[in-house]
Amino acid sequence: MATDTLKSKPGAQGGAGGGLRRLLLDNGALTALIVLVIAMSALSGDFLTADNLLNVGVQAAVTAILAFGVTFVIVSAGIDLSVGSVAALSATVLAWSATEAGIPVALAVVLAVATGIACGLVNGFLVSYGKLPPFIATLAMLSVARGLSLVISQGSPIAFPDSVSHLGDTLGGWLPVPVLVMIVMGLLTAFVLGRTYIGRSMYAIGGNEEAARLSGLRVKKQKLAIYAFSGLFAAAAGIVLASRLASAQPQAAQGYELDAIAAVVIGGASLAGGTGKASGTLIGALILAVLRNGLNLLSVSAFWQQVVIGVVIALAVLFDTVRRKAGVTAPAAGASGGGNKGKQALTYVIAAVVAVAVVGATSLLHNGSSGAAKPKIGLSLSTLNNPFFVQIRDGAEEEAEKLGVDLTVTDAQNDASQQANQLQNFTSGSLSAVVVNPVDSDAAGPSVRGANKAGIPVIAVDRGVNKADTSALVASDNVEGGALGARALAEKLGGKGTIVILQGQAGTSASRERGAGFAEGLKDYPGIKVVAKQPADFDRTKGLDVMTNLLQAHPDIDGVFAENDEMALGAIKALGSKAGRSVQVVGFDGTPDGLKAVQAGTLYASVAQQPSELGRIAVRNALRAAEDEKVEKMVKVPVKVVTKDNVAGFEG
Numbered sequence: 001m002a003t004d005t006l007k008s009k010p011g012a013q014g015g016a017g018g019g020l021r022r023l024l025l026d027n028g029a030l031t032a033l034i035v036l037v038i039a040m041s042a043l044s045g046d047f048l049t050a051d052n053l054l055n056v057g058v059q060a061a062v063t064a065i066l067a068f069g070v071t072f073v074i075v076s077a078g079i080d081l082s083v084g085s086v087a088a089l090s091a092t093v094l095a096w097s098a099t100e101a102g103i104p105v106a107l108a109v110v111l112a113v114a115t116g117i118a119c120g121l122v123n124g125f126l127v128s129y130g131k132l133p134p135f136i137a138t139l140a141m142l143s144v145a146r147g148l149s150l151v152i153s154q155g156s157p158i159a160f161p162d163s164v165s166h167l168g169d170t171l172g173g174w175l176p177v178p179v180l181v182m183i184v185m186g187l188l189t190a191f192v193l194g195r196t197y198i199g200r201s202m203y204a205i206g207g208n209e210e211a212a213r214l215s216g217l218r219v220k221k222q223k224l225a226i227y228a229f230s231g232l233f234a235a236a237a238g239i240v241l242a243s244r245l246a247s248a249q250p251q252a253a254q255g256y257e258l259d260a261i262a263a264v265v266i267g268g269a270s271l272a273g274g275t276g277k278a279s280g281t282l283i284g285a286l287i288l289a290v291l292r293n294g295l296n297l298l299s300v301s302a303f304w305q306q307v308v309i310g311v312v313i314a315l316a317v318l319f320d321t322v323r324r325k326a327g328v329t330a331p332a333a334g335a336s337g338g339g340n341k342g343k344q345a346l347t348y349v350i351a352a353v354v355a356v357a358v359v360g361a362t363s364l365l366h367n368g369s370s371g372a373a374k375p376k377i378g379l380s381l382s383t384l385n386n387p388f389f390v391q392i393r394d395g396a397e398e399e400a401e402k403l404g405v406d407l408t409v410t411d412a413q414n415d416a417s418q419q420a421n422q423l424q425n426f427t428s429g430s431l432s433a434v435v436v437n438p439v440d441s442d443a444a445g446p447s448v449r450g451a452n453k454a455g456i457p458v459i460a461v462d463r464g465v466n467k468a469d470t471s472a473l474v475a476s477d478n479v480e481g482g483a484l485g486a487r488a489l490a491e492k493l494g495g496k497g498t499i500v501i502l503q504g505q506a507g508t509s510a511s512r513e514r515g516a517g518f519a520e521g522l523k524d525y526p527g528i529k530v531v532a533k534q535p536a537d538f539d540r541t542k543g544l545d546v547m548t549n550l551l552q553a554h555p556d557i558d559g560v561f562a563e564n565d566e567m568a569l570g571a572i573k574a575l576g577s578k579a580g581r582s583v584q585v586v587g588f589d590g591t592p593d594g595l596k597a598v599q600a601g602t603l604y605a606s607v608a609q610q611p612s613e614l615g616r617i618a619v620r621n622a623l624r625a626a627e628d629e630k631v632e633k634m635v636k637v638p639v640k641v642v643t644k645d646n647v648a649g650f651e652g
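In the working numbering, the protein residues as written are 1 to 652.
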């Protein structure tokens with residue numbers, strides 16, 4: 001039976017060179033982490049600060065807790081793709097129970113944990129007794145859990161109870177609670193794997209399931225317990241994540257299952273099963289966090305960050321292959337004695353000493369090379385996968401170049417927790433000011449409050465930040481824009497007709513505000529009937545697919561309101577020759593492609609926001625705030641309904 005430690009074959013290598021090579025091969029993830037820390041310290045003077053290192057720990061916490069649960073599954077030769085969705089569902093159950101249902105917080109926490117365990121048990125049942133491949137069973141749970149999270153929350157974030165939100169705070173004003181939770185869950189994982197019957201069973205099942213069954217192990221029941229453990233850890237991660245954001249986000253932790261699996265693999269576990277350990281998983285999560293943190297500080301594009309992380313995962317698997325070919329084998333169960341553990345502890349001590357020495361030297365280098373520099377401003381955008389926000393970035397970069405400002409742009413990819421990490425990185429860096437376009441106004445609050453404490457002025461753009469102090473809000477009025485869109489569409493239809501609404505991504509403040517404004521504006525036109533509302537996530541392709549489906553049920557509609565131009569353009573494609581003739585479409589944002597469609601007559605109107613101007617004004621005000629100049633609290637950029645009649649003279 002394979003265990004969670006790897007050992008070189010005797011005589012495979014000799015001499016000091018062989019010993020060093022053996023050390024590197026047996027501790028590849030640790031070596032990679034040390035190299036990364038040294039490299040980031042050398043490249044960025046902001047990396048090696050107490051605040052930033054604590055940021056790295058906080059940002060690794062949720063991934064690490066999820067990954068500890070996934071470690072159990074991977075060691076037993078399974079896979080769990082549902083942990084991100086289960087985390088979101090558990091947090092949503094807690095928030096809804098404690099607020100909407102009025103259940104005592106302690107009981108709500110128990111319900112949240114029970115939800116995670118129940119999801120894990122369903123996964124285990126489908127795998128063990130339903131004979132479904134783990135990939136399929138957990139993929140189904142990924143969809144079910146995410147859907148239930150959206151159903152319970154109605155697509156909107158739910159404020160987290162204050163008594164639980166303290167999990168996102170610090171002890172003594174400096175030690176983050178998420179880091180403590182991560183350490184406790186890591187110790188629990190190490191104990192289960194190394195000191196319990198079920199832990200030994202995991203290695204046996206992963207090494208050879210049939211042999212484990214023939215030796216008397218109740219494999220089916222063990223798998224139920226293994227997936228239940230994964231669900232328990234996912235629930236814990238969801239509660240910690242929601243505590244950091246002060247709200248349960250129904251779309252939280254999307255893609256985190258891939259980060260969790262990557263952390264386990266980078267940490268030395270094999271997807272074939274039989275190997276893996278808690279310390280390796282923790283190192284894998286730290287590697288991902290250090291990479292993202294360092295790349296943020298170095299102003300590396302979020303798109304390139306994905307490339308780098310993908311390469312790191314591929315290299316980790318390749319290294320595992322090289323290690324095995326180099327003569328590294330897994331000893332029999334219980335073969336690793338106290339001497340081997342002593343050597344491993346000594347390895348960690350030596351690694352820490354080397355890292356501290358080299359990092360200390362690079363710190364002295366940075367301290368001795370200070371000089372006059374440009375003002376630095378960080379810009380965190382909710383997404384760059386949308387032309388509207390790309391235009392905000394372009395306007396901001398244009399203004400920054402004009403003013404001589406060093407602008408760092410990050411892409412939160414519509415993930416509130418990822419944006420929280422980016423804002424924390426900005427706070428620990430030597431920035432003069434921060435501009436934020438929140439994914440969600442509530443979720444951005446805790447991170448902006450951190451910037452407030454650090455004395456860094458924050459400018460909000462397009463959307464406000466709740467429960468935090470911003471020097472200015474530079475925005476169009478989404479509610480007013482929605483009302484203008486309703487008026488334009490209703491008047492074009494003569495006050496009568498049936499329409500459908502394509503909604504943005506559930507949980508985002510932009511979708512809520514535009515939808516609320518449209519509903520309010522439509523009250524003045526009782527002859528207009530909304531026959532369907534469906535989310536298309538602000539995406540053109542999804543707009544096409546959703547509109548195509550809606551036309552099957554409602555072929556005779558008269559109009560479409562889309563909460564952004566991308567979805568409107570998808571709807572136009574689905575409508576074909578009907579667009580602009582028998583069916584009128586109104587979009588939102590005034591993007592270049594949207595304005596072209598207005599000019600062509602397929603899109604009746606777009607509620608234009610002048611995004612480039614938003615970016616320019618935001619950077620201008622950020623610099624003023626950084627220089628202690630007076631800044632208006634509210635800077636309104638007018639919205640305008642652009643139709644074929646006025647599109648020629650419009651400048652977005």
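These aren't lab readings, by the way, just hints derived from the structure by calculation.
Backbone N, C-alpha and C fix where the C-beta goes; we use that ideal spot for every residue, glycine too.
Wrong hints could be hidden among the right ones.
Label pairs and their computed distance ranges (CB to CB) [stated by the list, open to error]:
no., residue 1, residue 2, range
1, Ser301, Ser582, 27 to 35 angstroms
2, Asn385, Met634, 26 to 34 angstroms
3, Lys596, Ser301, 21 to 29 angstroms
4, Ser163, Met634, 42 to 50 angstroms
5, Lys453, Asn385, 53 to 61 angstroms
6, Gln154, Thr548, 33 to 41 angstroms
7, Leu43, Leu121, 41 to 49 angstroms
8, Lys221, Asn452, 26 to 34 angstroms
9, Gln306, Gln552, 29 to 37 angstroms
10, Asn452, Arg581, 49 to 57 angstroms
11, Val531, Asp162, 21 to 29 angstroms
12, Val317, Leu107, 38 to 46 angstroms
13, Gly455, Lys221, 50 to 58 angstroms
To see whether the hints hold, each was checked on the structure:
| no. | hint | result |
| --- | --- | --- |
| 1 | Ser301 with Ser582: 27 to 35 angstroms | violated (43 angstroms) |
| 2 | Asn385 with Met634: 26 to 34 angstroms | holds (28 angstroms) |
| 3 | Lys596 with Ser301: 21 to 29 angstroms | holds (27 angstroms) |
| 4 | Ser163 with Met634: 42 to 50 angstroms | violated (34 angstroms) |
| 5 | Lys453 with Asn385: 53 to 61 angstroms | violated (32 angstroms) |
| 6 | Gln154 with Thr548: 33 to 41 angstroms | violated (25 angstroms) |
| 7 | Leu43 with Leu121: 41 to 49 angstroms | holds (46 angstroms) |
| 8 | Lys221 with Asn452: 26 to 34 angstroms | violated (52 angstroms) |
| 9 | Gln306 with Gln552: 29 to 37 angstroms | holds (36 angstroms) |
| 10 | Asn452 with Arg581: 49 to 57 angstroms | holds (53 angstroms) |
| 11 | Val531 with Asp162: 21 to 29 angstroms | violated (41 angstroms) |
| 12 | Val317 with Leu107: 38 to 46 angstroms | holds (43 angstroms) |
| 13 | Gly455 with Lys221: 50 to 58 angstroms | holds (57 angstroms) |
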